[in-house]
Structures are given as structure tokens and as C-alpha cells.
Amino acid sequence: MTAEARAVYERMHTSLQALKRYSVSVQSSQDEVLDYGYKLQHNSQATLDVQAPTHLRAQISGEAPRLIVYDGNTLTLASPEQGYYAQTPAPATLNQLVNGLIAHDVEMPLVDFLSQTRQAQFLAGVKRGVLVDSEQIDGQTCDHLAFREPTIDWQLWVSQGAQALPCKLVITTRYTLGDPQYQATMKWNTNPGFAADHFTFVAGKDAKRIPFTRDSVAPQQEPQP
Amino acid sequence: MTAQVPQLLGYLALSLLLIGAPLVEAARLGGHGAGGGVRAHSSVSHARAASQPRVQPNRNIQRPPVRRDNNVNINKNININDNRNYRHGDVDIDVDHHGWGWDEDVDIDVDHNGRGDWDIDVDVDHHHPVATAAIVTGSVLAIGSMINSLPPNCQQVYRHGNEYYYCNNQYYQAQWNNNSVVYVVVNNP
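Line order of the protein sequences matches chains A and B.
Per the numbering used here, residue 1 is the first one in the first sequence, and the count goes up by one each step.
Per the numbering used here, residue 1 is the first one in the second sequence, and the count goes up by one each step.
Where hints are given, some of them may not hold.
[Claimed, not checked] Reference excerpt, derived from the structure (chain B facing chain A, CB under 10 Å, subset only): (1) 36; (2) 45; (3) 47; (4) 151; (5) 155; (6) 176; (7) 184.
[Stated by the list, open to error] Some but not every residue of chain A turned toward chain B, in silico, with C-beta under 8 Å: (8) 31; (9) 40; (10) 49; (11) 52; (12) 74; (13) 77; (14) 82; (15) 100; (16) 104; (17) 105; (18) 151; (19) 212; (20) 213.
Derived from the structure by calculation, the hints contain no laboratory data.
Ideal Cβ positions, reconstructed from N, Cα and C, are used throughout, including at glycine.
So here's chain A without its partners, still in its complex pose (with noise of 0.2 Å):
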């Protein structure tokens, strides 16, 4: 990995351990790859309110749209449309808690990017990363920066100027046939006024609240007592 490429990564690190408050809004695209290889591409938008460490807010629509609301305690994650809401007592930090969404398959944009802690380490298996270009996305000036992997391939664009952060996310996945491709593309605003009650997750009047399935209960590790 290049000495630049490196460069402008940490300058996104150190940008987003610095924001303590901040909202982005993400426009994803997802590609699925079908029989005889027809790439179907779904998009979707989300929103994402984040007041670290212990505060999270994340509305997702596409197929599957869905709320996930985590607030130093407990972990909610809701499907307003159908009305149904599953529950769980969660870690004390947003670190802690990104380490379990990733490890219970909950998608959610930029979750790889949520975590400072994760960041710190997030370099440490990839196999080549360059810096190519610096472009523009959305009247923003973002470096371009690309990485190869075992089996994917990502991108990533950050911002130039006082606050290095994610313009856009390119995934590749190489190992599946037809090489579906994930990107979003974000707009941060790290300025946002939140409500007081922003981060507290207040079932709907006919809500139900639901079990996890068994699969999505225990990962691999064991639940910590």
C-alpha cells in the first residue's frame, strides 16, 4: 500500500474520531446477480444520526425498509411498515456494538466506518491500496482511493479540505460470479441538531415486538454473561 494512499486514510481516520455528532445520508445501489447472469440493481436511502459514543439512529428504505434505533442500552431494530420490532440489551459503546451488527449480518450503511476502533485495524489486511486521482462527486473534490483484497476489491472517495470524509464506497465482490458491485454515495452534515428523544425508539401504537430467529440470536462467539 502506498505512502499517499496511507496518508489520505488516516487524514479520514483522524476526521471521523474527531465528529462526535453528525448525520449523513447514504444513496446505495446493490447489485444481485440472477440466473444467466442478469445484474438487477436495487437502491436504496439512508439516514443515519449518530451522537458517539453510546447513540444511534439509522432509517433504511429499499426493499426491506427498517429502523435501528440503539441507545447505550438496548438495541432495536423495527420494521415500522409491518409493525414489528425485535429487542436486546446492547454494549455500552457504538464500537462495540458495530463489532455485533457486523457479526450478526445486520446491514447497515458506512458500518464499517462507525467504528474508530475497527478503523484503527481496518487496513491491516489489505493487500494493495493506491491513491489514483482526486475527482468529483457532488460538486465535492474527494480522493480516490483503491484497494485490492484476497477476494473483493473496494474504493473510496474522501473529501479534500479541513474534514476528510467518505464522498463514496465502492465494494466488488470478485469471489461470486458476474462481480456485484456495491456502491453508496454519501452527504455528511456534522452539524446536526437532534431532538432530545432522537435516539429513543417508541413502538408504535399496534407494534408488536417479535423474537429474533434462532440464526440471528448467537454467532459464532458465546454471549458474554
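Following the hints, complete the assembly by docking chain B onto the known chain A.
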């Protein structure tokens, strides 16, 4: 030259047929996932985890019962090779899956990341790891099977304070599966 025209038309028809099938399928399944396709991963972490070699850890490890429900049978014989087909027949409907365990030191660049070590198969559709086969009226699903939406003509029933749906002589319970609600076939509550 002219002899090639029908041949060309034949190829065209064939390719339309081939391309048409999955499209029709996708359109029919609509709203809830096009069904069965292989998706790009939406995070580098998930992509890394899922691309790890398949390892079969012992899933019968004793678990401290962190859940409020004391009826959890922790020694149940889960088929570790079930490859996510969810058709093992020993699902206990009294299990109250209301909690997660938290692994607080996940190491992102080691092969032990989350569910990648389970039966992750690159063919798994992470959004909707659910049988998308059409539910034909009268067909019987194995206990533990999951579907995205209930068959028609279901009756809502309450047993022991829980809500179930009774459809075609089978009971279903709504449960949360990673990213969406699924209906799981359960034993008669």
C-alpha cells in the same frame, strides 16, 4: 444467406427465453427481494467475513442462558451442516430469542469474523435468506422453515401471550431475521 435468417431468429427467441425467465421471476416476486440471486456485500467487513474459507465450528456449545425464558433447550441437536436451509426439525417454539450475545473483541482481519465461519455460502442471499419458493396452498413446510410473507387466509391466534398465525394447518410466528421480518413455521403452540 436467407437460410441464416430463421436460424438467427431461433437464437433470438432462445436468448429471450433465457433472459426472460429470471426477469419474470424477479418481477413476480417484486417488493421483497428478487429472490435467490447473489448480492454484492454492502460493507467491506461483511464481504471479508463471507469470503473466508468455510469452517464448521461446533454449534452445540453450551450457552449460558442469557434469555429470560428458562425453557431454552441449550442442548438441542442443531444440525451443524444445515447450510442455512432452516429445515432442522427440532425448533422449540418456547424459545424466546430476545437477546443477543456480544462478542466485544472481534478482530477484523482474522478469519474468525462473525458468521463468516458458519455455513456462509456465497450463494446465500443475505438480504433475504429465506425460501422464496411460492407457497402453494396445501403444501406442508418443515418446522423451522422461514418465509417472507404469510400465505393467504391466515387466522391470528394467541397462545401463552404470543401471537401466531394459523394457515393451511400450520402455525407461523413472526420473527426478526438479521434485516427483516420472517414467518417461521413452528409446532402447534
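Evaluated hints:
{"no.": "1", "hint": "36", "verdict": "holds (8 Å)"}
{"no.": "2", "hint": "45", "verdict": "holds (5 Å)"}
{"no.": "3", "hint": "47", "verdict": "holds (5 Å)"}
{"no.": "4", "hint": "151", "verdict": "violated (16 Å)"}
{"no.": "5", "hint": "155", "verdict": "violated (16 Å)"}
{"no.": "6", "hint": "176", "verdict": "holds (4 Å)"}
{"no.": "7", "hint": "184", "verdict": "holds (6 Å)"}
{"no.": "8", "hint": "31", "verdict": "holds (5 Å)"}
{"no.": "9", "hint": "40", "verdict": "holds (5 Å)"}
{"no.": "10", "hint": "49", "verdict": "violated (18 Å)"}
{"no.": "11", "hint": "52", "verdict": "violated (17 Å)"}
{"no.": "12", "hint": "74", "verdict": "violated (10 Å)"}
{"no.": "13", "hint": "77", "verdict": "holds (6 Å)"}
{"no.": "14", "hint": "82", "verdict": "holds (5 Å)"}
{"no.": "15", "hint": "100", "verdict": "holds (5 Å)"}
{"no.": "16", "hint": "104", "verdict": "holds (6 Å)"}
{"no.": "17", "hint": "105", "verdict": "holds (5 Å)"}
{"no.": "18", "hint": "151", "verdict": "holds (4 Å)"}
{"no.": "19", "hint": "212", "verdict": "holds (4 Å)"}
{"no.": "20", "hint": "213", "verdict": "holds (4 Å)"}
When the structure is compared with the earlier hints, violations turn up for hints 4, 5, 10, 11 and 12 and for no others.
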